[in-house]
Each structure stands twice: as C-alpha cells, then as structure tokens.
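> Per our numbering, the sequence shown runs over residues 31 to 468.
Worth flagging that the hints you see were computed from the coordinates, not collected in a lab.
Keeping only pairs whose Cα atoms sit at most 16 Å apart, straight-line, the calculated EDC-like set for lysine to aspartate or glutamate is:
1) 439 <-> 423
2) 269 <-> 169
3) 232 <-> 244
4) 439 <-> 420
5) 433 <-> 452
6) 433 <-> 423
7) 86 <-> 106
8) 235 <-> 139
9) 206 <-> 180
10) 394 <-> 468
11) 433 <-> 406
12) 281 <-> 183
The model shown is predicted, which means the values in this text are computed figures rather than measured ones.
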Amino acid sequence: MRILILSGGSGRRLWPLSNAIRSKQFLKVLTDDKGNPQSMIQRVFGQLKAAGLSEKVSIIAGEGQRDQIIAQIGEEAELILEPARRDTFPAVLLGCGYLESIKGVSEDEPVVVIPVDPYVEDTYFQELLQVGEGVRTLDGLVLLGAVPSEPTDQYGYILREDTDRAFNRVISFVEKPSRERAGTLIENGALWNLGVFGFNLKYLKKMLGVAALDYEELERDYESLEKTSFDYRIVERAKSVWVKTYSGAWKDLGSWRTLTEVMAPGAYGNVIACDNLDNTHIINELTNPLVVMGIENAVVIATHEGILVSDKASTGQLKDQIKRIESRPMFEEKRWGSYSVLSEETLADNRRCITKRLTIERGKGISYQYHFHRDEIWTIISGKGRLTIDGEESLIGSGDIVKIPAHVKHAVVALETMTLIEVQIGSVVSERDIIRLD
31 MRILILSGGS
41 GRRLWPLSNA
51 IRSKQFLKVL
61 TDDKGNPQSM
71 IQRVFGQLKA
81 AGLSEKVSII
91 AGEGQRDQII
101 AQIGEEAELI
111 LEPARRDTFP
121 AVLLGCGYLE
131 SIKGVSEDEP
141 VVVIPVDPYV
151 EDTYFQELLQ
161 VGEGVRTLDG
171 LVLLGAVPSE
181 PTDQYGYILR
191 EDTDRAFNRV
201 ISFVEKPSRE
211 RAGTLIENGA
221 LWNLGVFGFN
231 LKYLKKMLGV
241 AALDYEELER
251 DYESLEKTSF
261 DYRIVERAKS
271 VWVKTYSGAW
281 KDLGSWRTLT
291 EVMAPGAYGN
301 VIACDNLDNT
311 HIINELTNPL
321 VVMGIENAVV
331 IATHEGILVS
341 DKASTGQLKD
351 QIKRIESRPM
361 FEEKRWGSYS
371 VLSEETLADN
381 RRCITKRLTI
391 ERGKGISYQY
401 HFHRDEIWTI
411 ISGKGRLTID
421 GEESLIGSGD
431 IVKIPAHVKH
441 AVVALETMTL
451 IEVQIGSVVS
461 ERDIIRLD
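Make a model of the complete structure from these sequences and hints.
Structure representation (structure tokens):
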C-alpha cells in the first residue's frame, strides 16, 4: 500500500497566524507528549511512523512548502512538488503519475490519499490499512467516514447502506448541509466525509480513460489540467464506492473554534491577560504588548499579517471575510530558520526596499546564490557565521555589516544561531530573483 498526503491550504481559515505560504499544517500550536510545541504535519507524520507506515508515504505539496516540510519533519518523507497550485484532482493525478512512472508501483497496489492535518487517534492509521485491504477485495473506490459527534454545517456527509458488513456501499454525498438537515442525516446513519480515498491505479486509469499516467507529461501540462476537486471529478462520478467506518475521535482543525478545543489554554507571547477571560485564547507574535480584558469565548490573534478579534462561534466565516485583504506573506519558515518582514517601501528613485529580520539556526545556512535585480545589506545582530562571497570565506559576528551587490555570489552558514537584519534594495525585489548554485 502507498499513502499520498495532500499538503495544500490557502492559509485563510486560521488567519492571521497562517498565510498563503505558512499554511495551517505548519503552525506549532499543538503539543506533543512531552509538552513541546508541535505542528499538525509533525503530529500526523509522527503517528504514521508509530504505525509503521512512514516509509509508504509521499507528500504532495507546493514548491513554497518544501522548506517548511523539511524543517519540520526532515527528509524522511518523499516530496512530490506541484508546479502550480491547482486543486485536489490534479494533485492526486500528479502523485499517482509519480507512483506509476517514477516509482514503478503496480497498478494493482492500493493507494490511499489522506489530508495532511487530521486530528485523530492512532486507531485512524490502522483503519487506513483496512481501507487498503478494501481496495484489494472490492471493485471500486473505498472511503473512510467518521461517526459524527454533532450536527454541523462545516463538513460533508456520506449516506450509506445500512448493513453490518465491514464496508458499506455509498448511496450519495451531501456537501455542508444546514445544521437541521445534518441532524436528519445523522439520524439516518450518515458519516462525516474525512477526505480519505482508497483505490488502485488500474481503477483510476479506467475512470479517466487513459492507458498510463506519465509523471513528466503531467508535470509539464500541470497548469492545463482541470482545476477541480478529486471528490467532484472522480468520487461523485464513480459507480462503485464503498465506505469504512472510523469510530474514533476526529477533528478538522480548520477554524479557530475547533483548533482552540485542542490547544492548551492561556496566552502566548507578550500578553497581559486579566483573570476574567473564560475560554479565550490569545496569541501575540508581535513585540508590542497586547492587553486583553473582559472577553469570553473569543480568540485574539496578533501577528505581522494582521490582528483578529472574534467570538469563537463566528470564526467559521473568516475565510470569506478576509478575501478583500491583498498582501504578501509577512512571515515564512525556511529549512534554515525563518524570516519576518519588518517594512516595505518605494524609495524616491522608484526602487523597492524590503527590510527583513532573519533567524538562521545553528549548523544551517543560506545556500550559495546571487540576485539579478537587487542589492542586499546584512547587519548581524547576534551569533556567528561563516560567510562566503564570490568563493572567499570569512567569519562574521555581532555588529558586522555585509554589503552584497547584485550578481555577487554569496552564502552563509551559522556556527551558532544568528539573527540579522537584511535590507533588500532594487528595481525588482522578489523571492523569484534567486539563482541558487548548490
């Protein structure tokens, strides 16, 4: 059996802590068994390892997520990088093309697709094995559905035949019904749709009417593939669909309301919180103090992206409310550390200037590279590192200033954790203006 993990996400549902690059699965808002901060992707991959399934995993992600995935779970998991952000159908298609034409996976071997961020018990991963067994014995798609704990309009529902068999035939799907209808569906035995799909490559190719799934061809033509969900393009059109029931705990941590249900209570960051803050969670990533008083059942989140103050029950509407906000991500986690954007401005001569604060972790570094359109000025605040400029090495530390003109090759490795201010000035200041040489 092979497992494909879909690591998508637009970063809107947990704004302002998440953004277009810093999707919710990378936020270290959970805690592990030892009380250490943990992200959703770290939790899920750890559970897969504990279940003995991590070697079967490939993660489908955007290029912008590569560094974050490596920084958080290392290079154990195989990465399949999307050339562009599309939807779950082209993502699954690309992953299956990789399995068939690059890895040589048999067209009869079960493939199970799962989301990157389910908050589940360990038994969930044993059920994935059962989904794989269902693919071996049943002719069709095999899904995983959870027994609902409450009627909600936030999830999709699976209507199934009422039998005592291990797998039930699916009758129909209902996407995010009203709460009233959700209650009726639950009374009729409906399950929550967990976004888990099991199939083999032979069945998928039959559904698509193709003889093979060529990875290089799919990668080349990726932006012309139909931008739609796997549910709509494949699952809802399949004639033979089965569902396995998962009875354990499951949460979709897709809103501040559901996320704070599993977060440790209290305030994070530079916060002054009064005692009368019943069921209120506060996060402040800014250096400015945040004072919160007399608010119940709320979230107060302050980051470089913006500030959110909301009743928890209303946070399901957040994605729609922030559509009008257009801004670049102000924080990004990289494989070498992280950076936050301090300021952006246009100078008198129309050149752009962006100022960032970088943290480079000990033993890690920025690769050997150069830029076409911008100069950079580094001011080292703390730490020590080995600097390379056009092949010449030197040591740098607190108080040093390094000027790097455009076209000059440069790299740095932190001998101890470094903090520096980077000023980028040029006609074009973009993350795309990086030519990496190693």
